[in-house]
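Residue numbers (our numbering), protein chains in the order written: chain V, 62 to 512; chain Y, 62 to 512.
Worth flagging that the hints you see were computed from the coordinates, not collected in a lab. Glycine residues also receive a C-beta, built at the ideal position from the N, C-alpha and C atoms. Be aware that a few hints might be false.
[What the hints assert, rightly or not] Pairwise CB distance ranges (calculated):
(1) V/K304 to Y/D187: 54 to 62 Å
(2) Y/R321 to V/D164: 20 to 28 Å
(3) Y/G191 to V/Y483: 37 to 45 Å
(4) Y/V461 to V/G165: 47 to 55 Å
[Unchecked claim] Covered, in the sense of this in silico footprint (three residues per stretch, anywhere, with C-beta under 8 Å from a C-beta of chain V), are these stretches of chain Y:
(5) 126 to 140
(6) 256 to 263
Number of protein chains: 2
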Amino acid sequence: MDPVPAHPASLRDLPLVVVVGGGFGGIRLVQRLANAPVRVVLIDRSNHHLFQPLLYQVATSVLTESEIAYPIRRIFRSQANALVGLGEVRAVDRADRSLVFADGTRAPYDWLVLAAGAVSSYFGKDGWSGLAPGMKTLNEATAIRARVLQAFEDAEAETDPRALRAHLTFVIVGGGATGVELAGAIRELAVEAMAPDFRRVRTESTRVVLVEAGERLLSSMGEASSEAARKALQAIGVEIRLKSMVTDVFDGGVVVAGERIEADTVVWAAGVSASPLGETLGTELDSAGRVKVLPDCSVPGTPKVFVIGDMASQTCAKSGHQVPGVAPGAIQMAEMVAGIIAAETKAEQRGKTPPPRPTFRYKDKGTMATIGRARAVAEVSGLQLHGLSAWLAWLLVHLVLLVGFRNRLFVLLSWAFAYLAYSKGARLITGQSRSRLKTPIGEEMQRLARA
Amino acid sequence: MDPVPAHPASLRDLPLVVVVGGGFGGIRLVQRLANAPVRVVLIDRSNHHLFQPLLYQVATSVLTESEIAYPIRRIFRSQANALVGLGEVRAVDRADRSLVFADGTRAPYDWLVLAAGAVSSYFGKDGWSGLAPGMKTLNEATAIRARVLQAFEDAEAETDPRALRAHLTFVIVGGGATGVELAGAIRELAVEAMAPDFRRVRTESTRVVLVEAGERLLSSMGEASSEAARKALQAIGVEIRLKSMVTDVFDGGVVVAGERIEADTVVWAAGVSASPLGETLGTELDSAGRVKVLPDCSVPGTPKVFVIGDMASQTCAKSGHQVPGVAPGAIQMAEMVAGIIAAETKAEQRGKTPPPRPTFRYKDKGTMATIGRARAVAEVSGLQLHGLSAWLAWLLVHLVLLVGFRNRLFVLLSWAFAYLAYSKGARLITGQSRSRLKTPIGEEMQRLARA
Chain V
62 MDPVPAHPAS LRDLPLVVVV GGGFGGIRLV QRLANAPVRV VLIDRSNHHL
112 FQPLLYQVAT SVLTESEIAY PIRRIFRSQA NALVGLGEVR AVDRADRSLV
162 FADGTRAPYD WLVLAAGAVS SYFGKDGWSG LAPGMKTLNE ATAIRARVLQ
212 AFEDAEAETD PRALRAHLTF VIVGGGATGV ELAGAIRELA VEAMAPDFRR
262 VRTESTRVVL VEAGERLLSS MGEASSEAAR KALQAIGVEI RLKSMVTDVF
312 DGGVVVAGER IEADTVVWAA GVSASPLGET LGTELDSAGR VKVLPDCSVP
362 GTPKVFVIGD MASQTCAKSG HQVPGVAPGA IQMAEMVAGI IAAETKAEQR
412 GKTPPPRPTF RYKDKGTMAT IGRARAVAEV SGLQLHGLSA WLAWLLVHLV
462 LLVGFRNRLF VLLSWAFAYL AYSKGARLIT GQSRSRLKTP IGEEMQRLAR
512 A
Chain Y
62 MDPVPAHPAS LRDLPLVVVV GGGFGGIRLV QRLANAPVRV VLIDRSNHHL
112 FQPLLYQVAT SVLTESEIAY PIRRIFRSQA NALVGLGEVR AVDRADRSLV
162 FADGTRAPYD WLVLAAGAVS SYFGKDGWSG LAPGMKTLNE ATAIRARVLQ
212 AFEDAEAETD PRALRAHLTF VIVGGGATGV ELAGAIRELA VEAMAPDFRR
262 VRTESTRVVL VEAGERLLSS MGEASSEAAR KALQAIGVEI RLKSMVTDVF
312 DGGVVVAGER IEADTVVWAA GVSASPLGET LGTELDSAGR VKVLPDCSVP
362 GTPKVFVIGD MASQTCAKSG HQVPGVAPGA IQMAEMVAGI IAAETKAEQR
412 GKTPPPRPTF RYKDKGTMAT IGRARAVAEV SGLQLHGLSA WLAWLLVHLV
462 LLVGFRNRLF VLLSWAFAYL AYSKGARLIT GQSRSRLKTP IGEEMQRLAR
512 A
């Protein structure tokens, strides 16, 4: 079996566009280049596109991993000019017009688009990452799921009241959409799904503490939405600490505004910083590690190198505000950059002058966050929805955005089970959580036997 | 929150039955004790009951983890006299009538049933386990899934023909049901699901080698079934090596009957041995590590200690043959032992003489194995089915045996997608497979750029 040429022969002289990252931005960009006179290679570290907005539902056993992930190869199965490669890009060498991979090999590009997203950021306290995991990948979400479920198991077998309290205390750091949604989902998991299955421990007494340094939750939304979210969370029993900084994370808890809270499970949703790949460009970054790009999303000095999505420090031409790190921002940048590449490669092919480059304008598609069953807040084109209507809008939008009919159907069914039958389908402790398997079942049974 | 008493007060004076293992045997045993005058504690290392016969479908991306696993607590949600504990039992101290846990704590029992199943056995070559993983747990199945999918990714980016061959060679050691089913499923994955998604590599050329030391496949079935399985596997392109011993497993392949086969992926389905927990009983074991139990499944010398399922060396009173390590065997032993415990505790409670103990009779429920889409072999009460009818029987039996309506529905839908739409839903590389992320994408792209 000899290697078969990758791109069809007819494409082999075309410029090579390399895209790093198969998130919302990278996928859309490659799709939009389907009819451009270019060859495209999309590189990602993992083999699947991940629907990150629903990761918190994997962490709380509502959805299963495969429901929010889709093989990247499959997306481009029918796009003749697109290839997919699995690899870890470590650096960009702009002078050499090449990428450097983790294994030291290099790969050239004619055009380059960096869309590698963001990683959890601990504001310099990197030691906290093991104690308070973030939630950006499937592996992280299943690790958090294992921690959460293990905490209930530990509680069931615990005889010491103080340790029991810590098992059943969950601290979520960060009151943005991820933190709000995760806090609500953990309370719901405890009250609805776990309660009937545990005998000794009252899982309804589970304490979920949502810590936010700012003055209100969901600071990217309006004050009415923040207030609605706060009320909805409090109604289902989430404890909210506003204007509270986490000053320490230790093995077994956190210190919040001077108060020590003992908790087995601490999840970090307080912030992200851009993929470290941006640093290797050797150009100016903002405080969150994002690359300060020009209005056309290109990197100063190299018009054929672009940065989009969460990695880009881009302002909206109209409002002058930083474009938020959400899927619509990445998608809109991807569409603009794909348009630039298509127009300039076409012009080059025909020996014509390319059109002037556009300036990025962010169209705010709205923001939404869900708070457990049948409650959500949404702001769409000036309209504010709270409660059931917002929740239905949230369900619909997320279903539509999922890739693939199969995933849509399975997510819809999983939601039906979770929200109508109060049944979470993916209550699995898997992965490397063995070290936490400390349930003192022996003591528990001695107590039983004595009783 | 004070600890709530675990068993209802009315049960607290009843004898304590401890069951180790939440597989088919353990679950059935506890269920059958629902109305007996006993308290029951079921202990398992993991929080879920696993439907092991479908593990190979998780390893080949047909099903997702949560579809074949079910929280053990949930099964016993409504059974008042049953408690569930998560813990790792290391030893049995029969003299002290107690269990010893991994953390050193002890727990007493009045009655004990060991149903901890089997582990992959390498016939003394334990060094092979890392190179040729077995498939007994969800973590093992997802690790094999990651290896298989990564092998195709590596192949897509490979330029060296010999290395390419090794990427696309899969060796399955052991021609029992697991080996037969896995070999067929990998060929099918390669030919149907992967082929349209890969550009350079022809995944149809994937070599799947099924190695069996004995004279025929499926030795527990009749010769006609073995032959039908062999033909069906060959028809879909599986290479079968009968009467072939694996004499070495190395990093990158195996030696089979003197021939060196280079293969990235080697899976061990050649045999199992009983859980090492049996050794700690200090009674006689057979060559597979199973506990030689009396005809009532009790351990010689301790009539209130039983061993059932894959851990038990038990012969059928009627045929005199060893009971095979399959779900019906475990379930039938569980039902007999539950009957003994119920009868004797009732008699004790009423001050009466218990009835004499029964002798185990194994009722052969039949055997079946599936070979890819629409092909299977089945032997049920003397009837031999091959082909589509066997496959439909296989689908039905496995659906019925799954725990929970949700799992049945999701498995049925996943099968519909896999078998009708040729779409495998769970093509995810997750877990700790990073060290294998060696895809030389850089070289591949340089080659592309030169082309």
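Each hint, compared with the structure:
1. Distance hint check: the CB atoms of V/K304 and Y/D187 are about 57 Å apart, consistent with the given range 54 to 62 Å.
2. At about 27 Å, the beta-carbon gap between Y/R321 and V/D164 stays in the expected band of 20 to 28 Å.
3. Taking 37 to 45 Å as the suggested C-beta distance range, the pair Y/G191 and V/Y483 conforms, at roughly 42 Å.
4. At roughly 54 Å, the beta-carbon separation of Y/V461 and V/G165 lies within the given 47 to 55 Å, and the hint holds.
5. Counting residues of the region 126 to 140 of chain Y whose beta carbon lies closer than 8 Å to any beta carbon of chain V gives 8, which reaches the threshold of three, so the coverage claim holds.
6. Counting residues of the region 256 to 263 of chain Y whose beta carbon lies closer than 8 Å to any beta carbon of chain V gives 7, which meets the minimum of three for the stated coverage.
Comparing the model with each earlier hint shows no violations; every hint is respected.
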